[in-house]
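There are 2 protein chains.
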Amino acid sequence: MQYKLYYWPGIQGRGEFVRLAFEAAGAHYVDVARLPASRGGGVAAMMKLMKSDAPNAPLAPPFVVAGNEMVAQSTYILAWLGPALKLVPRDAAARRWAHQLQLTVADFVDEAHNTHHPIATHLYYEDQKPEARKYSAAFLALRVPKYLGYFERVLARNPAGPTHMVGRRLSYVDLSMFQLIAGLRYAFPRTMARVEAEYPNLVALHAATARVTNVVRYLTSKRRIAFNQSGIFRHYPELDR
Amino acid sequence: MQYKLYYWPGIQGRGEFVRLAFEAAGAHYVDVARLPASRGGGVAAMMKLMKSDAPNAPLAPPFVVAGNEMVAQSTYILAWLGPALKLVPRDAAARRWAHQLQLTVADFVDEAHNTHHPIATHLYYEDQKPEARKYSAAFLALRVPKYLGYFERVLARNPAGPTHMVGRRLSYVDLSMFQLIAGLRYAFPRTMARVEAEYPNLVALHAATARVTNVVRYLTSKRRIAFNQSGIFRHYPELDR
Chain Z
8 MQYKLYYWPG
18 IQGRGEFVRL
28 AFEAAGAHYV
38 DVARLPASRG
48 GGVAAMMKLM
58 KSDAPNAPLA
68 PPFVVAGNEM
78 VAQSTYILAW
88 LGPALKLVPR
98 DAAARRWAHQ
108 LQLTVADFVD
118 EAHNTHHPIA
128 THLYYEDQKP
138 EARKYSAAFL
148 ALRVPKYLGY
158 FERVLARNPA
168 GPTHMVGRRL
178 SYVDLSMFQL
188 IAGLRYAFPR
198 TMARVEAEYP
208 NLVALHAATA
218 RVTNVVRYLT
228 SKRRIAFNQS
238 GIFRHYPELD
248 R
Chain V
8 MQYKLYYWPG
18 IQGRGEFVRL
28 AFEAAGAHYV
38 DVARLPASRG
48 GGVAAMMKLM
58 KSDAPNAPLA
68 PPFVVAGNEM
78 VAQSTYILAW
88 LGPALKLVPR
98 DAAARRWAHQ
108 LQLTVADFVD
118 EAHNTHHPIA
128 THLYYEDQKP
138 EARKYSAAFL
148 ALRVPKYLGY
158 FERVLARNPA
168 GPTHMVGRRL
178 SYVDLSMFQL
188 IAGLRYAFPR
198 TMARVEAEYP
208 NLVALHAATA
218 RVTNVVRYLT
228 SKRRIAFNQS
238 GIFRHYPELD
248 R
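Read top to bottom, the protein sequences are chains Z and V.
Residues in the first sequence are numbered consecutively from 8, following my numbering.
Residues in the second sequence are numbered consecutively from 8, following my numbering.
Don't take every hint at face value.
Which copy? The list can't say, so a pair holds if one copy fits it or any two copies do.
[Claimed, not checked] Here are the computed lysine to aspartate or glutamate pairs in the EDC-like style, where the Cα-Cα straight-line distance is at most 20 Å:
no., residue 1, residue 2
1, K58, E159
2, K153, D117
3, K141, D117
4, K58, E205
To be clear, the hints were calculated from the coordinates, so they are not data collected in a lab.
Note that the coordinates shown come from a computational prediction; the quantities given were computed from them, not determined experimentally.
Let the sequences and hints guide you as you build the complete structure.
Here's what the structure looks like:
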């Protein structure tokens with residue numbers, strides 16, 4: 008199966024959770040919007056699908072086309088592709104659990120985005136700096152401990168051991184947790200340096216995931232877009248305590 | 008099957024999307040946190056599960072217990088229970104589509120919540136009024152048309168006709184769309200009065216859903232908590248243009 012991923016070409020964003028899954032699984036996928044228009048790519052190719060009259064045209068990227076199927080929403084893309092990519096256990100209860108955890112990751116990612124855009128996504132960060140400072144203070148003081156504390160407990164309670172979020176093998180939730188920790192370290196290096204010793208299982212999961220062969224290959228390739236000031240995780244020192 | 012729903016007892020909130028599904032399906036469910044402690048209910052009973060050492064203890068309500076299974080996250084609860092409640096078509100592609108739409112509804116609901124709490128959920132509205140005013144202005148000017156325009160197009164393009172979001176029968180997505188329109192009308196009556204003629208299919212869907220026998224029975228019962236100033240949809244006239 009060849010997959011087509013549609014996402015904004017210049018950022019990791021929510022598409023990165025899907026890219027990491029494709030890469031870790033060694034799947035054959037095309038990152039359509041990053042291809043030149045001469046090869047059927049570019050943002051125009053993505054917008055064409057979003058603006059089409061198809062009954063299931065998505066509101067926003069990321070979305071994935073596989074054969075005749077098109078699916079949007081990062082959490083659901085992962086739940087849908089996880090079994091084929093062998094990135095989720097076979098057991099139905101474990102799959103339900105992975106799906107719920109991914110939704111909670113996505114909730115946290117939304118809040119991480121709001122640290123620099125608390126008022127409106129169409130405005131620049133510079134137009135909402137005082138509000139971003141207030142939002143970030145609460146995010147770092149209360150939300151980061153709430154979510155990371157929860158994910159740390161999830162690892163500690165995994166009956167198969169604290170090396171994976173779900174089950175005993177690498178899953179898409181582990182990959183997303185890797186991305187979450189990497190993003191928080193990029194955006195809030197001072198805070199993370201201060202607090203991450205409280206989350207030893209998460210830190211170990213991040214390190215172990217970064218050593219997975221296919222992940223190493225991806226992270227050191229040009230396919231991995233660097234964190235930057237247009238994505239979800241942005242480094243504004245004034246927002247980091 | 009008897010279901011147990013766990014959610015904050017004083018608000019509709021995200022639990023309402025699940026309550027509406029149970030009620031429309033005529034399912035046998037217990038709204039645990041609204042029962043007295045003497046009958047095993049109350050918020051304490053809910054917190055006990057959240058604070059338990061169970062491997063799948065949820066971070067936040069709503070969550071549902073059915074037999075030995077416990078599932079959190081409103082969008083996934085609906086995807087999980089939809090087939091048993093007969094609130095989603097049988098066809099796999101239609102189920103995928105319903106799930107994606109529900110996730111997009113949830114994205115919009117998050118933004119609706121942020122209209123009165125753009126800075127931090129632990130602070131009062133009164134502590135973030137200027138920011139709420141800015142957020143709401145952008146929400147009403149740009150986000151409401153974006154989302155409602157999209158959902159209106161989804162209805163118009165439904166191959167089975169514009170009376171349902173997915174397929175030809177009532178689904179959990181229709182029920183959630185009913186709740187979304189009801190909530191927007193409660194929170195932003197002036198704006199909705201001005202703009203809703205642009206969304207005739209959504210308005211008709213809301214009206215038709217409000218006439219479904221089980222929905223009528225629910226909405227006129229004491230089980231339906233009224234919209235109030237503690238929920239997701241709140242009416243602050245100063246936020247409504």
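Quick rundown of the hints versus the structure:
| no. | hint | in the structure |
| --- | --- | --- |
| 1 | K58 x E159 | between (41 Å within a copy, 14 Å between copies) |
| 2 | K153 x D117 | both (15 Å within a copy, 18 Å between copies) |
| 3 | K141 x D117 | both (16 Å within a copy, 19 Å between copies) |
| 4 | K58 x E205 | between (46 Å within a copy, 19 Å between copies) |
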